[in-house]
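There are 4 protein chains.
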Amino acid sequence: MESPTAILLLSCPDAKGIVASISNFIFQHNGNILHSAQHTAESESILFMRIEWDLDSFMIPREEIRNAFSPLAKKFKMKWNIHFSDYIPKVAIFVSKQIYCFYDLILRHQMVEFKMETPLVISNHLDLKPMAEQFGLTYLHYPITPDNKAQQEEKEIERLKKYNIDLIVLARYMQVLSPRFVNEYPNRIINIHHSFLPAFAGGKPYDQAYQRGVKIIGATSHYVTETLDDGPIIAQDVIKITHRDSVEDMKLKGKDLERIVLAEAVRLHLDNKILVCGSKTIVFD
Amino acid sequence: MESPTAILLLSCPDAKGIVASISNFIFQHNGNILHSAQHTAESESILFMRIEWDLDSFMIPREEIRNAFSPLAKKFKMKWNIHFSDYIPKVAIFVSKQIYCFYDLILRHQMVEFKMETPLVISNHLDLKPMAEQFGLTYLHYPITPDNKAQQEEKEIERLKKYNIDLIVLARYMQVLSPRFVNEYPNRIINIHHSFLPAFAGGKPYDQAYQRGVKIIGATSHYVTETLDDGPIIAQDVIKITHRDSVEDMKLKGKDLERIVLAEAVRLHLDNKILVCGSKTIVFD
Amino acid sequence: MESPTAILLLSCPDAKGIVASISNFIFQHNGNILHSAQHTAESESILFMRIEWDLDSFMIPREEIRNAFSPLAKKFKMKWNIHFSDYIPKVAIFVSKQIYCFYDLILRHQMVEFKMETPLVISNHLDLKPMAEQFGLTYLHYPITPDNKAQQEEKEIERLKKYNIDLIVLARYMQVLSPRFVNEYPNRIINIHHSFLPAFAGGKPYDQAYQRGVKIIGATSHYVTETLDDGPIIAQDVIKITHRDSVEDMKLKGKDLERIVLAEAVRLHLDNKILVCGSKTIVFD
Amino acid sequence: MESPTAILLLSCPDAKGIVASISNFIFQHNGNILHSAQHTAESESILFMRIEWDLDSFMIPREEIRNAFSPLAKKFKMKWNIHFSDYIPKVAIFVSKQIYCFYDLILRHQMVEFKMETPLVISNHLDLKPMAEQFGLTYLHYPITPDNKAQQEEKEIERLKKYNIDLIVLARYMQVLSPRFVNEYPNRIINIHHSFLPAFAGGKPYDQAYQRGVKIIGATSHYVTETLDDGPIIAQDVIKITHRDSVEDMKLKGKDLERIVLAEAVRLHLDNKILVCGSKTIVFD
Numbered sequence: 001m002e003s004p005t006a007i008l009l010l011s012c013p014d015a016k017g018i019v020a021s022i023s024n025f026i027f028q029h030n031g032n033i034l035h036s037a038q039h040t041a042e043s044e045s046i047l048f049m050r051i052e053w054d055l056d057s058f059m060i061p062r063e064e065i066r067n068a069f070s071p072l073a074k075k076f077k078m079k080w081n082i083h084f085s086d087y088i089p090k091v092a093i094f095v096s097k098q099i100y101c102f103y104d105l106i107l108r109h110q111m112v113e114f115k116m117e118t119p120l121v122i123s124n125h126l127d128l129k130p131m132a133e134q135f136g137l138t139y140l141h142y143p144i145t146p147d148n149k150a151q152q153e154e155k156e157i158e159r160l161k162k163y164n165i166d167l168i169v170l171a172r173y174m175q176v177l178s179p180r181f182v183n184e185y186p187n188r189i190i191n192i193h194h195s196f197l198p199a200f201a202g203g204k205p206y207d208q209a210y211q212r213g214v215k216i217i218g219a220t221s222h223y224v225t226e227t228l229d230d231g232p233i234i235a236q237d238v239i240k241i242t243h244r245d246s247v248e249d250m251k252l253k254g255k256d257l258e259r260i261v262l263a264e265a266v267r268l269h270l271d272n273k274i275l276v277c278g279s280k281t282i283v284f285d
Numbered sequence: 001m002e003s004p005t006a007i008l009l010l011s012c013p014d015a016k017g018i019v020a021s022i023s024n025f026i027f028q029h030n031g032n033i034l035h036s037a038q039h040t041a042e043s044e045s046i047l048f049m050r051i052e053w054d055l056d057s058f059m060i061p062r063e064e065i066r067n068a069f070s071p072l073a074k075k076f077k078m079k080w081n082i083h084f085s086d087y088i089p090k091v092a093i094f095v096s097k098q099i100y101c102f103y104d105l106i107l108r109h110q111m112v113e114f115k116m117e118t119p120l121v122i123s124n125h126l127d128l129k130p131m132a133e134q135f136g137l138t139y140l141h142y143p144i145t146p147d148n149k150a151q152q153e154e155k156e157i158e159r160l161k162k163y164n165i166d167l168i169v170l171a172r173y174m175q176v177l178s179p180r181f182v183n184e185y186p187n188r189i190i191n192i193h194h195s196f197l198p199a200f201a202g203g204k205p206y207d208q209a210y211q212r213g214v215k216i217i218g219a220t221s222h223y224v225t226e227t228l229d230d231g232p233i234i235a236q237d238v239i240k241i242t243h244r245d246s247v248e249d250m251k252l253k254g255k256d257l258e259r260i261v262l263a264e265a266v267r268l269h270l271d272n273k274i275l276v277c278g279s280k281t282i283v284f285d
Numbered sequence: 001m002e003s004p005t006a007i008l009l010l011s012c013p014d015a016k017g018i019v020a021s022i023s024n025f026i027f028q029h030n031g032n033i034l035h036s037a038q039h040t041a042e043s044e045s046i047l048f049m050r051i052e053w054d055l056d057s058f059m060i061p062r063e064e065i066r067n068a069f070s071p072l073a074k075k076f077k078m079k080w081n082i083h084f085s086d087y088i089p090k091v092a093i094f095v096s097k098q099i100y101c102f103y104d105l106i107l108r109h110q111m112v113e114f115k116m117e118t119p120l121v122i123s124n125h126l127d128l129k130p131m132a133e134q135f136g137l138t139y140l141h142y143p144i145t146p147d148n149k150a151q152q153e154e155k156e157i158e159r160l161k162k163y164n165i166d167l168i169v170l171a172r173y174m175q176v177l178s179p180r181f182v183n184e185y186p187n188r189i190i191n192i193h194h195s196f197l198p199a200f201a202g203g204k205p206y207d208q209a210y211q212r213g214v215k216i217i218g219a220t221s222h223y224v225t226e227t228l229d230d231g232p233i234i235a236q237d238v239i240k241i242t243h244r245d246s247v248e249d250m251k252l253k254g255k256d257l258e259r260i261v262l263a264e265a266v267r268l269h270l271d272n273k274i275l276v277c278g279s280k281t282i283v284f285d
Numbered sequence: 001m002e003s004p005t006a007i008l009l010l011s012c013p014d015a016k017g018i019v020a021s022i023s024n025f026i027f028q029h030n031g032n033i034l035h036s037a038q039h040t041a042e043s044e045s046i047l048f049m050r051i052e053w054d055l056d057s058f059m060i061p062r063e064e065i066r067n068a069f070s071p072l073a074k075k076f077k078m079k080w081n082i083h084f085s086d087y088i089p090k091v092a093i094f095v096s097k098q099i100y101c102f103y104d105l106i107l108r109h110q111m112v113e114f115k116m117e118t119p120l121v122i123s124n125h126l127d128l129k130p131m132a133e134q135f136g137l138t139y140l141h142y143p144i145t146p147d148n149k150a151q152q153e154e155k156e157i158e159r160l161k162k163y164n165i166d167l168i169v170l171a172r173y174m175q176v177l178s179p180r181f182v183n184e185y186p187n188r189i190i191n192i193h194h195s196f197l198p199a200f201a202g203g204k205p206y207d208q209a210y211q212r213g214v215k216i217i218g219a220t221s222h223y224v225t226e227t228l229d230d231g232p233i234i235a236q237d238v239i240k241i242t243h244r245d246s247v248e249d250m251k252l253k254g255k256d257l258e259r260i261v262l263a264e265a266v267r268l269h270l271d272n273k274i275l276v277c278g279s280k281t282i283v284f285d
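Same order as they appear, the protein sequences are chains A, B, C and D. Residues in the first sequence are numbered consecutively from 1, following our numbering. Residues in the second sequence are numbered consecutively from 1, following our numbering. Residues in the third sequence are numbered consecutively from 1, following our numbering. Residues in the fourth sequence are numbered consecutively from 1, following our numbering.
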């Protein structure tokens, strides 16, 4: 068993002494730093940092670490958060009718690739219910119509809160979430879009790609914001295609991309490797 | 020495007997087919084909092949062209101030990677003249202002025609060609755009990419049409970037992409491997 | 519903008239060629060809096509085979304890990505039996020891023949098949090896890769021959790694590669796009 | 103008307080850390670190920094080195007859992609002399025979020392350097090998790759050690090929790979981003 670690993610205006202050804080309380990465975006004079240390002999009890660190954070005007590696996040997966991204996430969960609790499944359709139940997952059905959307979202939010959900994954969920919903989970809703954003945002990206005659197609995972397909990008990947590929062929090839790119984003989030800064992500891979 | 070959590129409405008719035409005149590829886009019922055969013992003299093939082409309503592998195309390279794509093309020409005659260089600036002359290339200078653009383009066209130019390569040429110019060389002007089109068309694509926070940047080579950055795409490639990459870093990484993607398009064109169909290319690689 | 097609795969010494003869054969019996690709390896003077035509109005009944084509094949000394697109191959998947490649194949089968009948599962262990049965698959258990290996393989072969198995997929099957077994299914057993062959053949390729400090890892799918990890390569892919990746990280990243590369090989085989020539494959993608 | 920075590269047995001690050292002397990355290889309990800080208001004069840091280094048993960003390394490029890697490096030098002084060129042939002189480079000719190799290498070493060469780049230099030579420049000789090592080490890797029928070819840049093609790998990249690619096609495609992979290694070295640990590199990209 690996011993638990603490992970500090932060951004702040660049200044002297930040790395020294943080590493002293850890060292003086007998922590051993395992990984640290710090980067200063020179054009903007912002410092980004991720630092992870062993909690084994760390002298501050974990429930007091946040308070203990707070003065330092204040001094340097940090936006920050501390996570613990042995906390198992609670995840809700939103699905519609498409199975492959959902199935892929479940498979990875079964193979313990992800550090997450048995996920909750929420859908506007019943199609994937048997599949979810086959794996012993709770499946909640909230059909959405233009008329009931606001109400249904309220019920969903209520449930998500009841389950203490930390992360929502839209595994090809075919509904646009309202700003009200999105703002409940800022930078905690991950979507997969089946194009290389910003190319081919919106509907039917493979048809768009076919019409344009591109030689490469892509997939993009991103945090959901109020604007469709416009949130901070977490991961992207691409695959070459040729004139022989029909739209159907592109969909088939794209499925593998989408699964991998979504899984990568989920893993990075669960491993606390992502810092969101404005409309962009800093990914400490 | 390889013996010369004939290369037939065609598209036509799908019908029975096309491949048989063409291969009979070649066989009955004692030609040996070296490569053939045929593809039918089922959604559109269009047949695309590239077929290459040895001219060594072919019984029709090459200057008569077009006439001899013409009835078949008419019968099947083909759009077609025949090329000969030992014809060395005449190329003009348009440049402005950026050196790297130009230099790369010259290097490849020197290393005989391309089947092209010593190219003509045309520029709206004088910056690269010494470089061109160092390699013994003719460098023609046509400074462009909003006022003289139409006139200068006429002069350029006149020169291009005098030199019997077959292909124009825009190696980071920082002027938009007028429709009048473009229509003189349909599907014979290749441009390199430093983004993964259709994302980040227009100016400063790396700045746009930086602002959007993409995780991958790309380059696109395409034929030039009247609409900026919208012509048939020939080749694309991408490279991963991270949050640590500044706009300058992206430009540096992008240079290699641009050089490779432009060179690939030029090579495919010179090897007669591209068929343009509407707004798309069929690339017989 | 797409109408059925015939697919002819062949190799033979290069000669004049081969393409013409074959396309005439198809045209004269009222077939419509949908795709054809022909390539001559000039260094070896061997012609490779794949040609696919519509059976809809083809005048030769399918059970007589082989006989009808036979004289042409003889004339040009072809190695050849004809497949029909509506024949659904019977597949056996061999597994041991590792689940991910197996699971991936089953998922793709469920999503109708593959043209194959509900596969038979054969294993030397019982670990994956519940999973197989959850999907309604027949699971046959043949434990292997050094002493009983020859006998167990005989029983397996007997069963495979009884089920008329066309293709065997080794989805991380941790036993080396004997020459006797391999020779029963020449070029019909596909294996996945978790390295970029020929680098790191044999056991523990990720440990080997870690020791060597490579910056890219790969996966290779190939037909199984008598020599371990040495058969004709069908598909390969790679992924970049860094010094931060432990052997465990490499295994995790490699899993996605292995799944995709194995699936690609299976799909190419099921779509009759592979021609084996000596120790190499010709893949008509 | 960017202000100069100091870059500390180090490895040492993992222990508590290393990051804190180093960042305190920098902070207490009024340095501003711009980038830092630290990684602990858990399996081996070794800590690797690269840390870069602004020298602008740093209170220790640069010629005294090494001495000042020395006690800390001793305390933690570090292998370490400090570099300064405004030091321009002196590079020698070794070539034989092949031009493309050499030409690529010169182009990049001209475009100020590399932080290096106008390089010295050393060759066992005269072929590239005109090219070198065209760019104003000093070209030294040391023909090598089995008989004179040891003597010629001595002369080369003498010259390299006279020119205070920091880095040697073998740009397709077709001679194996003796252990005596290699040991003069440990981890300071970069070679490009035209395969994805460890596959196809030794001569004629493209022919080997063609024979084996691989679907991907690669290139590898590495530090030179006494054992051929076995030194610590710095960078690798690959490109897909098909059965249509002859050995000549592979060479052509490989050229682009080789140029890019060699340039990447040279840039990483010149930017002080590589730490060699045993037979592997740690690359702080």
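Bear in mind the hints are in silico, worked out from the structure with no lab data behind them. Remember, it's a predicted structure, so these values are computed and weren't measured experimentally. All C-beta atoms, glycine included, are put in the ideal place defined by N, C-alpha and C. Fair warning: there could be bad hints in the mix.
[Claimed, not checked] Heads up, simulated DSS-like pairs for lysine-lysine below, C-alpha to C-alpha not over 27 Å straight-line:
| no. | chain 1 | residue 1 | chain 2 | residue 2 |
| --- | --- | --- | --- | --- |
| 1 | B | Lys129 | B | Lys115 |
| 2 | A | Lys115 | C | Lys149 |
| 3 | B | Lys273 | C | Lys280 |
| 4 | D | Lys97 | B | Lys273 |
| 5 | D | Lys255 | A | Lys240 |
| 6 | C | Lys79 | C | Lys97 |
| 7 | B | Lys90 | A | Lys240 |
| 8 | B | Lys115 | D | Lys129 |
| 9 | B | Lys115 | D | Lys115 |
| 10 | B | Lys251 | B | Lys97 |
| 11 | B | Lys90 | D | Lys255 |
| 12 | A | Lys90 | A | Lys16 |
| 13 | D | Lys97 | B | Lys204 |
| 14 | A | Lys204 | A | Lys90 |
[Stated by the list, open to error] Computed footprint of chain D on chain A, listed as stretches where at least three residues anywhere in the stretch have a Cβ under 8 Å from a Cβ of chain D:
| no. | segment |
| --- | --- |
| 15 | 193–206 |
| 16 | 224–230 |
We went through each hint and held it up to the structure:
| no. | hint | verdict |
| --- | --- | --- |
| 1 | Lys129/B to Lys115/B | 23 Å, holds |
| 2 | Lys115/A to Lys149/C | 40 Å, violated |
| 3 | Lys273/B to Lys280/C | 25 Å, holds |
| 4 | Lys97/D to Lys273/B | 31 Å, violated |
| 5 | Lys255/D to Lys240/A | 21 Å, holds |
| 6 | Lys79/C to Lys97/C | 39 Å, violated |
| 7 | Lys90/B to Lys240/A | 31 Å, violated |
| 8 | Lys115/B to Lys129/D | 26 Å, holds |
| 9 | Lys115/B to Lys115/D | 35 Å, violated |
| 10 | Lys251/B to Lys97/B | 15 Å, holds |
| 11 | Lys90/B to Lys255/D | 25 Å, holds |
| 12 | Lys90/A to Lys16/A | 38 Å, violated |
| 13 | Lys97/D to Lys204/B | 40 Å, violated |
| 14 | Lys204/A to Lys90/A | 31 Å, violated |
| 15 | 193–206 | violated (count 0) |
| 16 | 224–230 | violated (count 0) |
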